Every structure is written in structure tokens, then in C-alpha cells.
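All chains should be built: construct the whole structure from the sequences, respecting the hints.
There are 2 protein chains.
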Amino acid sequence: MYSELSLADIVRENRRGRGDMVALVDGDERITYAEFDERTDRLANALTSEGVLPGDRVLWIGANSHRVFELLVAAGKVGAILCPANWRQSADELRFVIDDLQPKLIVSEPKIVGDLHDSLGDDRIPWVRCSDDSDDEFQRWSASFPSTPAPSSESIHAEDPVLLLYTAAFDGRPNGALISHRALISHSLVIAVQRQIKEGFVFLDSGPLFHIGTWMFAVATFVCGGTNVVLSQFDPRRACELIERERCQGAMLFPAMIDQLVAANGDDRYDLSSLHFGPAGSTWNHMITLDRSPWGRSNAGYGQTEVGGMLTYHALGIDGLGTHGRSSPLMQVRIVDTDGRDVSTGEVGEIATRGMHLFNGYFNRPDLNAARFRDGWYHTGDLGRRESDGTVSFVGPKLRMIKSGGENIYPAEVERALLGHPDVDSAAVIGRPDSTWGQSVVAIVVRNASASVTEQELIAHVRNQVASYKKPKSVVFVEAIPRRGFVPDYDLLDIQHGGGGYPGSDPTPITTAATSEMTR
Amino acid sequence: MYSELSLADIVRENRRGRGDMVALVDGDERITYAEFDERTDRLANALTSEGVLPGDRVLWIGANSHRVFELLVAAGKVGAILCPANWRQSADELRFVIDDLQPKLIVSEPKIVGDLHDSLGDDRIPWVRCSDDSDDEFQRWSASFPSTPAPSSESIHAEDPVLLLYTAAFDGRPNGALISHRALISHSLVIAVQRQIKEGFVFLDSGPLFHIGTWMFAVATFVCGGTNVVLSQFDPRRACELIERERCQGAMLFPAMIDQLVAANGDDRYDLSSLHFGPAGSTWNHMITLDRSPWGRSNAGYGQTEVGGMLTYHALGIDGLGTHGRSSPLMQVRIVDTDGRDVSTGEVGEIATRGMHLFNGYFNRPDLNAARFRDGWYHTGDLGRRESDGTVSFVGPKLRMIKSGGENIYPAEVERALLGHPDVDSAAVIGRPDSTWGQSVVAIVVRNASASVTEQELIAHVRNQVASYKKPKSVVFVEAIPRRGFVPDYDLLDIQHGGGGYPGSDPTPITTAATSEMTR
Chain A
1 MYSELSLADI VRENRRGRGD MVALVDGDER ITYAEFDERT DRLANALTSE
51 GVLPGDRVLW IGANSHRVFE LLVAAGKVGA ILCPANWRQS ADELRFVIDD
101 LQPKLIVSEP KIVGDLHDSL GDDRIPWVRC SDDSDDEFQR WSASFPSTPA
151 PSSESIHAED PVLLLYTAAF DGRPNGALIS HRALISHSLV IAVQRQIKEG
201 FVFLDSGPLF HIGTWMFAVA TFVCGGTNVV LSQFDPRRAC ELIERERCQG
251 AMLFPAMIDQ LVAANGDDRY DLSSLHFGPA GSTWNHMITL DRSPWGRSNA
301 GYGQTEVGGM LTYHALGIDG LGTHGRSSPL MQVRIVDTDG RDVSTGEVGE
351 IATRGMHLFN GYFNRPDLNA ARFRDGWYHT GDLGRRESDG TVSFVGPKLR
401 MIKSGGENIY PAEVERALLG HPDVDSAAVI GRPDSTWGQS VVAIVVRNAS
451 ASVTEQELIA HVRNQVASYK KPKSVVFVEA IPRRGFVPDY DLLDIQHGGG
501 GYPGSDPTPI TTAATSEMTR
Chain B
1 MYSELSLADI VRENRRGRGD MVALVDGDER ITYAEFDERT DRLANALTSE
51 GVLPGDRVLW IGANSHRVFE LLVAAGKVGA ILCPANWRQS ADELRFVIDD
101 LQPKLIVSEP KIVGDLHDSL GDDRIPWVRC SDDSDDEFQR WSASFPSTPA
151 PSSESIHAED PVLLLYTAAF DGRPNGALIS HRALISHSLV IAVQRQIKEG
201 FVFLDSGPLF HIGTWMFAVA TFVCGGTNVV LSQFDPRRAC ELIERERCQG
251 AMLFPAMIDQ LVAANGDDRY DLSSLHFGPA GSTWNHMITL DRSPWGRSNA
301 GYGQTEVGGM LTYHALGIDG LGTHGRSSPL MQVRIVDTDG RDVSTGEVGE
351 IATRGMHLFN GYFNRPDLNA ARFRDGWYHT GDLGRRESDG TVSFVGPKLR
401 MIKSGGENIY PAEVERALLG HPDVDSAAVI GRPDSTWGQS VVAIVVRNAS
451 ASVTEQELIA HVRNQVASYK KPKSVVFVEA IPRRGFVPDY DLLDIQHGGG
501 GYPGSDPTPI TTAATSEMTR
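First to last, the protein sequences are chains A and B. Residue 462 in the UniProt record's numbering is what sits at position 462 of the first sequence, and the numbering runs on without skipping anything. Residue 320 in the UniProt record's numbering is what sits at position 320 of the second sequence, and the numbering runs on without skipping anything.
Just so you know, these hints were derived from the structure itself, not from any lab. Honestly, I wouldn't trust all of these hints.
Short, incomplete list of chain A residues facing chain B, as computed with Cβ under 10 Å [as the list claims (entries may be wrong)]:
no. : residue
1   : Ser134
2   : Gln194
3   : Trp377
4   : Arg386
Treat the numbers as computed from the prediction; the structure is a model and nothing was measured. Here a beta-carbon is modelled for each residue, glycine too, at the ideal position from N, C-alpha and C.
Printed below as a string of C-alpha cells:
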């Protein structure tokens with residue numbers, strides 16, 4: 001196909017058009033696009049020699065490094081898939097990743113993760129260790145291969161997956177999202193429009209490269225012919241040094257990281273004026289070049305690893321009704337009910353999507369893929385609402401659904417209404433079996449210290465925010481809500497507070513007819 | 001495929017996300033995205049009722065109109081292809097288009113082209129006439145169909161062609177370039193990065209909609225959720241009125257059109273300050289908002305209908321050595337010799353390309369397609385040069401090649417060198433059979449009035465610009481160079497000045513062995 005474009009093609013074209021420009025900065029290493037193409041050719045041949053074939057996985061366990069970029073493009077050149085693992089995980093979690101991924105090769109950084117090979121090593125899997133001294137096994141290994149283009153490079157398809165990222169484990173275990181060349185490249189152009197990424201753009205990879213949030217900027221910087229500056233792990237002083245030295249225009253920065261940069265540069269020792277960023281307090285605003293565009297005012301939006309990054313941009317509709325703006329111009333978004341029909345404007349439903357930067361599905365999860373990819377649309381497992389001006393509000397994850405009086409009630413929507421009350425610190429909503437309604441809504445609430453809001457006041461508050469049938473029947477005040485990761489531990493809450501009877505779960509017998517209906 | 005995206009999908013998503021925003025302005029008509037989606041659903045059903053099937057062509061013969069946009073999207077909804085013809089062509093030329101295209105339906109504007117149906121009408125082809133009064137046959141026809149989505153709308157593929165534009169007839173007859181949804185949409189994002197096209201962008205379609213140069217901005221405006229303001233034909237006063245009234249930020253303007261706008265607004269009657277554009281003299285610069293970005297400084301580049309618009313952007317490498325900058329981030333560019341091998345930096349060769357916004361090929365031209373699509377690359381038929389900094393210079397069309405002493409010599413390169421001499425008004429280069437060298441280079445030159453440059457001076461001038469073997473052996477001074485359209489009539493020049501013996505043409509016998517080699 002003459003319209004194919006892969007990450008390898010991007011690097012080769014950058015070699016032709018700007019071969020002397022710097023693709024990657026990592027410590028004292030400055031790698032031009034010509035060198036990057038050559039290195040990844042050598043590495044692709046090295047992968048081939050280890051038996052890595054199209055569709056095979058290569059696992060990286062280490063911090064940010066120029067090697068992650070090289071492995072990604074080299075994997076792309078042979079049709080393989082790079083998984084950069086979250087190296088902050090426990091040994092047990094990493095063991096799960098290795099068992100799940102069945103990689104053909106593992107590359108690790110002992111300086112970051114210790115000698116995992118001794119504890120996790122499976123001798124059937126080749127393992128290459130990286131070090132920053134002259135005894136770098138990775139360097140010796142890859143440099144020993146020729147830089148001739150890998151034989152299979154002409155048969156790579158833009159639809160092939162090239163990056164695999166494990167996503168948040170809402171359902172108990174992480175799932176590996178397979179992201180194609182096509183998704184990474186097309187998403188790059190969308191973010192380039194928003195963030196103004198062009199030739200000469202310099203981006204500081206200050207976020208982790210096991211997260212799509214960093215990759216989406218890093219790949220866009222490559223696609224547009226810019227320079228990625230690699231920060232091994234976030235360190236505010238080191239980040240300031242690199243921003244000043246490399247004249248970085250962009251960086252992956254969350255509010256807490258900005259606070260650390262402001263503190264590290266309290267004496268204005270570093271010139272951060274090259275950085276274009278949104279406002280975050282007057283000290284910060286004076287250190288940088290303030291971005292007053294809609295994106296600068298709010299770089300928020302709704303995204304998922306599964307959509308290659310951002311699905312909606314608050315900057316597209318920043319003054320609109322929705323909290324999360326409008327969709328990427330390369331994606332379609334619908335808000336659907338459990339039967340896949342569009343819900344009405346203002347109603348909460350599941351966010352479904354399709355388009356050019358959608359992922360290919362989860363690795364080795366046929367059941368989950370069948371559940372998520374239906375009727376031509378990918379179902380995100382997240383809840384949203386279309387506002388009357390067309391903008392979208394993200395409501396929360398669709399972890400489970402309560403059914404009361406035949407109506408669907410999503411806990412996230414009720415929780416959001418509860419959290420809007422000034423006396424509420426945190427909240428979780430469960431369904432309790434109810435012989436009349438099927439289930440009834442129960443709110444588990446932690447009040448702020450010294451707050452005195454009552455059960456009836458909270459029920460009235462929720463009723464003012466959402467449809468009446470969604471309001472809690474009762475409120476239980478507790479000291480703390482048990483969590484699994486970011487989200488409430490609903491199973492434990494059910495046990496503690498008598499929840500159950502969810503649609504699709506083991507039914508709580510209400511009538512014999514209903515039971516036979518539900519188990520048929 | 002969950003990653004598919006068509007123009008219909010773009011319009012539907014804009015309906016969901018910004019249904020009340022204006023998609024199109026044409027005279028007093030203001031068509032929102034919701035209305036645009038509904039109208040094109042009706043029109044799609046109307047097309048289906050006329051027997052228009054996937055792959056069929058619909059021909060538009062008329063000036064710019066909201067109907068062209070509606071026909072494009074409606075054609076896309078049923079898998080058909082819209083061809084907006086150059087309505088300035090003669091009746092014979094339009095007859096060629098109809099014969100070549102074999103459209104299933106013709107829509108024309110009698111107010112622009114007269115009643116073509118009487119002179120060209122083929123009663124086997126349904127013909128719909130548009131008018132701006134209450135007796136609009138197009139309106140009556142399309143409005144009589146329901147707005148239910150066309151049945152086949154789910155089976156449209158992003159790779160399907162949707163727009164067919166006839167391209168410059170360098171080889172004697174125009175060829176219809178088939179442009180897919182994928183090419184139009186992906187090109188849109190690239191131009192959006194350069195031109196800063198986002199939600200709320202308002203574009204004045206002041207160029208003709210039978211030309212890719214207008215379409216590339218018009219489609220980008222749609223894709224990004226902006227408003228297209230349709231100008232039926234270019235009229236400077238009307239353009240000023242619309243820019244002021246609609247607060248247009250962009251427009252399709254060539255230097256001659258800018259001069260007319262400046263003249264029409266000599267009394268500063270119109271407020272053109274919404275328009276962001278590059279500099280063009282101080283009067284113009286004060287009327288508009290000056291765009292000082294690289295794109296504002298030079299919106300030039302190298303493009304072709306066949307690449308969906310622009311292949312290289314001068315703004316990407318504006319201070320570089322090449323006259324035409326670097327490639328679109330979604331395309332690859334190589335400069336190749338006749339065997340498809342990369343020529344050296346600084347050498348002239350054919351521009352070959354592939355990537356996301358490449359066209360699908362020419363309609364009904366199997367031989368031309370086979371000649372142009374080879375070894376995984378589309379050969380543009382244009383000559384270019386890769387400079388030492390990676391930037392590209394476009395040299396000229398590769399109409400023919402001279403072979404002298406075993407070396408390849410492209411007339412366009414020698415002509416460009418000749419035109420660099422201040423005494424030269426125009427020039428064409430041919431090859432004359434030569435018993436020693438195969439061919440020798442002959443320059444046909446028109447001098448400027450009262451200029452006196454001699455044959456030997458011109459030969460020396462060229463020798464300073466290009467390799468010595470490319471310099472003319474002789475120069476013939478003439479009063480005028482015969483042309484076919486934009487380019488010299490080389491066949492006539494050969495007859496007039498003894499040209500011949502081109503590689504691949506009927507060979508001029510040099511030795512028996514060479515002849516048998518060339519005809520084998």
C-alpha cells in the first residue's frame with residue numbers, strides 16, 4: 001500500500017530531510033536523525049538475530065532512556081511490539097507482566113530496578129542489561145550488527161501494533177493495549193495542532209515512558225521533526241538544567257511537578273523562558289513564556305491509552321458547558337446505553353468511539369476485546385454526558401451499574417453529585433437488593449472534619465443534581481472508604497454494607513420468573 | 001475497521017459536537033453542521049435513487065457553491081466520487097470530461113455555464129440544473145428524499161476515492177486523480193498545523209473548487225470544525241464584504257488577487273483585520289493581521305493534486321538551502337534516477353513519494369498508473385533536488401529526458417539555469433541527435449528586449465550553474481517559444497530545430513548494436 005506510514009518511515013524521512021538535526025538528547029549523548037536511523041537499523045538486525053519476529057513482544061524494564069526510543073523504532077522495523085513496563089511495580093507485578101506478555105527479549109536497567117534477572121529471570125527468555133559505563137551489554141550487543149535495513153522492513157503495515165502499554169487495572173489485572181503506527185502517527189498531528197508542535201520543537205520527556213501521556217508528546221515531536229530530551233526520572237533541578245540547556249519548549253508537567261520546578265528555581269538561577277506553558281501562579285508565569293491559547297488555558301481533556309492519548313480536548317469548547325470539550329478531529333464519539341443506542345443529550349451513558357487513533361485491542365484478551373468492540377464501536381468503559389452545546393463531560397469509570405425500578409444508575413454519576421457538596425470528602429455508591437425496585441442506591445460517605453451534613457440533607461442535595469430515581473435511599477457515614485488503586489473497593493463495600501443484586505451478577509432471587517430470565 | 005474515518009463521519013461528528021455551528025455560508029444561506037448532515041443524507045438517498053453506486057462518478061459543472069460541498073459529502077456517503085469540473089473549459093473539453101468520466105449523474109449551474117445540456121446532453125445520463133430562484137431543480141429533487149442515513153453508509157472505507165480532480169494536461173489530455181477520504185482528512189491535519197486551523201476557523205473559498213489548492217483548505221476547515229464561506233467566483237469587492245461580514249481568518253489568495261483586494265479596499269471601507277495572512281506590501285499589511293510565522297513568511301511549497309495538496313512546505317526549512325522546504329510529516333520523499341535509485345545530494349532526479357495523503361491513482365488510466373506507481377513509490381513526473389541540509393528544491397516537470405554521453409539531462413534543469421541569466425526572457429531545451437554523444441543539448445532562447453547576451457556567454461553561464469555535460473552545445477535565439485498550455489511545445493520545437501533521438505523514442509541509429517539494444 002502506497003499510503004502506509006510507519007514509525008520507521010518517519011525516522012527515515014527525518015534522516016533524509018533533517019539528518020543532521022538532533023532527534024534525541026540523553027545525558028551527554030546527542031543522537032541525530034541520521035544516527036537514530038542507523039542505530040535502529042542495527043538494533044532491528046539484533047532483534048532479528050534473537051529470533052524476534054513480526055508480532056513478537058520486546059519488554060523494557062527501566063527508566064526513561066534513549067534506548068526506549070531506539071527499541072520502539074527497531075521493534076517497528078521488524079514488525080515487533082515494544083512494551084515499556086512500569087518499573088515501579090513490585091516483583092510480583094513484573095512477573096505477571098512477563099507471564100502475560102511472553103516476550104521474546106527483555107532489556108533492563110539494573111541501576112534502576114536492581115538485578116531483576118536473578119529474581120525473575122526465565123532462562124528461556126534472552127535478557128540484555130544496560131549500564132551507563134563502558135561495560136554496557138546493550139551497546140555491545142546492538143553495535144555488533146550491521147546497519148543494513150532489516151529485511152522485513154518493506155512489509156510493515158501502518159495498522160500493525162508497535163507499542164504495548166499496560167493500562168490501569170480497574171478489573172483486577174492490567175491489560176496490554178496494542179497501539180499501532182497509524183494510531184501513534186495520526187494522534188501526533190492532532191496534538192501538534194493543539195500544542196503547536198513543528199520542526200524545531202524541543203520536548204522534555206519529564207513524564208514516564210510507560211505512560212501514554214508522555215508518549216503522545218514524544219511521538220508527536222518525532223513525527224514533526226523535533227528533538228526529544230530524555231529525563232531518566234523526574235528531578236526538578238535536573239529538569240530546570242535541561243530546559244535551560246536545550247531550550248525546551250514543551251514538557252510533561254502535572255501541577256505537583258510545576259510546584260517542584262518553581263521551588264527548585266526559587267532563586268531564578270535557571271532560564272526557563274523557552275518553555276511555553278499555561279498559567280500556574282505568578283511565580284511560574286514569570287519564569288516561562290505564558291501560553292494564552294485555549295490549550296494553554298486548559299490542556300485537560302478526556303483520554304485513554306486505548307485511544308492513543310486524548311479523545312476530547314477541553315481547548316475545543318473551553319467556554320462550553322462540558323467539562324471535557326470536544327473530540328479529536330480524527331475520532332468519533334457517541335454516548336450510548338447498554339444496548340448501544342444513543343442516550344439523550346444531558347443523560348449519562350458509556351463513551352463509545354472509533355477513528356484513526358483508536359488502539360487495536362488488548363493483547364491476548366479475546367473476551368475483553370469482544371465485550372469492548374461491538375457494533376463498529378469501541379466501548380471505553382467510561383461514562384460521559386453530551387451537553388446541549390455538543391461538548392462532552394467525563395463522569396467516571398463505568399465499573400458497575402445499579403438497576404433500580406428498571407432504570408440504569410451509574411455509581412460514578414451519583415458519587416460526582418455527592419462530591420459536589422462542600423461537606424463531603426469522599427463517597428462511594430453501591431446497590432442494595434430491594435424486593436420492590438430490584439436494587440436501591442446506598443451512599444457511603446466520608447465527611448470533612450467537623451462537617452455535620454445529615455443523611456436527609458445529602459439526599460436532597462443529590463436530588464437537585466440528578467434525576468430523582470438516582471438519589472440514595474440511605475447514606476452511611478464512615479471514617480474511610482477502602483480503595484483498590486484509585487477506585488473504591490466496591491466488592492468490599494458490598495460485603496460491609498449489604499450490596500448486591502447487580503444486573504448480570506449472581507442474582508438475588510426476587511421472583512422465580514425474574515431469576516430464570518437472568519440466568520437463561 | 002474501527003479506525004476508518006470518512007468525510008461523512010467528519011460531518012456526523014461535527015453534528016454531534018457542534019451541530020448548531022455554521023458549516024457553510026453561501027449568499028444568504030447559513031447551513032449548520034446539523035443541517036449539513038441532514039441535507040447530505042437526503043442527497044445521498046437522491047443519488048441512490050438515480051442508481052449511483054459505490055465507485056460511480058457524479059459530475060458538477062458550475063462555479064463554487066454550497067451544493068459542491070453537499071455533493072462531495074453525499075457522494076462519500078454512498079461510496080461514489082464527485083468530480084467538480086473546470087467550468088471555464090470549452091464545450092469540447094467538457095465533452096472530453098463527460099466521455100472520460102462516464103458519470104452516473106450531472107449537476108450543472110446554467111447561470112454559469114449556460115444550458116450545456118442542450119449542447120452536451122447525453123440523454124442516457126440524468127442531468128439536474130441548479131438555480132438561485134424558487135425554481136431550483138436541484139433543491140426540489142434532493143428535498144424530496146428522506147434524511148435517513150443512506151443504507152450503505154456503514155460500508156464506506158477511508159481508502160475509497162471520493163473526489164476526482166482533472167490535473168494539468170502535460171501529456172496532451174487531462175487525467176482524473178482519485179483522492180480518498182484518508183488522503184483528504186490526513187492532509188487536513190498537516191495543513192492545520194501549518195496554517196493554525198482549529199475550531200472556529202472561518203475560511204473564504206475564494207479560489208475555484210475544481211482545484212486542490214482550494215479544497216485542501218476547505219476540507220481542513222471542515223475537519224477541524226470551522227466554517228467555509230463560499231464565494232461563487234472571485235470578485236474583489238464581494239470578497240472584502242464577506243471577509244468583513246463573516247470575520248474570515250483565511251482565504252485562498254494569490255498575489256494578483258491580493259492586489260485586487262488592496263485596490264477594492266483603497267478607501268479602507270472594509271474591515272479586513274480578521275484575516276491572518278503573510279506580508280504583501282505596506283497597504284495590505286495594514287489592512288490585515290500580519291502572520292509572521294514561517295508559514296506567513298512563505299506559504300509556498302511543492303504540491304500536486306496527486307498528493308492531496310502539498311508535499312513539501314517552504315515553512316519547514318524556510319532558511320534552508322532548498323527552494324521548497326521539507327516534506328509533510330505524513331509523507332516520504334525520495335529523489336530517484338530512472339532506475340529508481342536515490343541520486344546523490346545536489347543531483348537532479350525525479351521526485352518520488354508515498355504516504356498517508358497520496359492519491360489512489362488516475363481514473364481509468366491503467367498504463368499511466370503502472371508507469372507512475374513502481375517499487376512501492378509514486379513517481380510524480382516532476383524533478384527535484386535534495387540539498388545538503390536535507391531541504392528540497394523543485395526543478396520543473398520531467399517532460400522528457402536527453403541522453404548525452406551516457407548521462408541523463410533533464411531540460412527543466414538547464415532551462416532553469418538559462419532563466420537565471422538577466423538577459424533571458426524564456427527558454428526551452430531540446431536534444432539533437434549526435435553521432436558521437438547520442439544527443440547534444442540545444443537551447444532555444446528568447447532574449448529580453450534590447451538584451452544582447454551571446455551564445456557563448458549563455459553557454460558559459462549555464463556551465464557555472466550545472467554540471468558541464470549539461471551545458472548547451474548551441475543556442476538558437478528566437479522571437480517566441482511555442483507553448484501548449486504552460487509548457488513549451490517540445491514536439492514542435494524538435495521539428496523546428498532538428499530535435500530527436502530521445503531515450504525510449506524511435507531511435508536515431510547510431511550503431512547497430514545500440515539500436516538492437518534500444519528496441520529489444
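Against chain B, run the beta carbon of Ser134(A) and see if the smallest gap drops under 10 Å.
violated, 33 Å
Satisfaction of the Trp377(A) interface hint, Cβ to chain B closer than 10 Å
holds, 7 Å
Under 10 Å is the threshold here; is the Cβ of Arg386(A) close enough to any Cβ of chain B for the hint to stand?
holds, 7 Å
May I ask you to test the interface hint for Gln194(A) with respect to chain B, counting a Cβ-Cβ separation under 10 Å as satisfied?
Constraint on Gln194(A) satisfied, holds at 8 Å.
Checked against the numbered hints given earlier, the structure breaks only hint 1 and satisfies all the rest.
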